[in-house]
Amino acid sequence: MASAGSSREKHLLTACILGLEGGHDDLPLPSRILQMFVTNLRNRPLSSANIESIRESILSLYHNLITGSKEFPVIPYTGFFRSYELSTPFPPIEQERRENSAPSPLTEGPSGVMVPTARFGSSPQTVLTPVLPERADLAVLKGDRRNCVCNLELDGRAVTRVISPVYCSESTELVNRWRLTDYTADGHTLMSVFCRFTKDSTNCSKTLSKRVKRKAAEEESSSCTPTPPKKLPRL
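Residues in the sequence shown are numbered consecutively from 1, following my numbering.
By construction, these hints were calculated from the structure, which means they are not laboratory data. Heads up, some of the hints might be wrong.
[To be verified] Once the Cα atoms are required to be at most 27 angstroms apart in a straight line, the calculated DSS-like pairs of lysine-lysine come out as:
| # | residue 1 | residue 2 |
| --- | --- | --- |
| 1 | 10 | 70 |
| 2 | 70 | 142 |
| 3 | 199 | 10 |
| 4 | 199 | 70 |
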């Protein structure tokens, strides 16, 4: 596994959800607003298209948080989506061109995942994920049962999105932590980020998660209850 850290480009994403589509109308939401922190893992800045594409998966991650399901279904929604940059080690491109300054030291080398530190966000523990190389064999990634692999079409091109769990040890998975990585058809990395919902979103999700699990247990219990035999009429 690879560890991951904190001194990176970070964004706060906000989704204002007015309605759910795709047969997931029953997904419980704490409110119309979901917020999530995104941390860039590569030594290249995220593009606006990269950030906008996370819209496709924000409810997939929330579905996992609420239900514990590893399927990560794509859940379309109507509403608004915006991002706010919290920090970045990269200079603005416009400023770089205007001042004719040297490029950021991070971008001078080949593209790749930045050397991780011991922290991720404000969490003090080391976090681990399945190894996702800069150029990958997509068949190998699909063969790793820890990964959820789906195919998307973004900006008119096919993209393979890999959602991976995050661990604090080799066997202990962290709640509300995911690594999301996009690859081209030939396995080149387009984007790799850590995702984590804000405290407000997760506080509400704990109550909703208990309700969902209780409802599922009740439905399973009722489906297992044997049907009493019907009485036959006397002749």
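Cross-check of the supplied hints:
1. 10 to 70: Holds, because 26 angstroms separates the two Cα atoms, which is no more than 27 angstroms.
2. 70 to 142: Since the Cα atoms of residue 70 and residue 142 sit roughly 14 angstroms apart, the hinted pair holds (cutoff 27 angstroms).
3. 199 to 10: Cα-Cα ~16 angstroms, so holds.
4. 199 to 70: Given pair residue 199, residue 70 holds - Cα atoms ~22 angstroms apart, limit 27 angstroms.
Hint violations for this structure: none, all hints satisfied.
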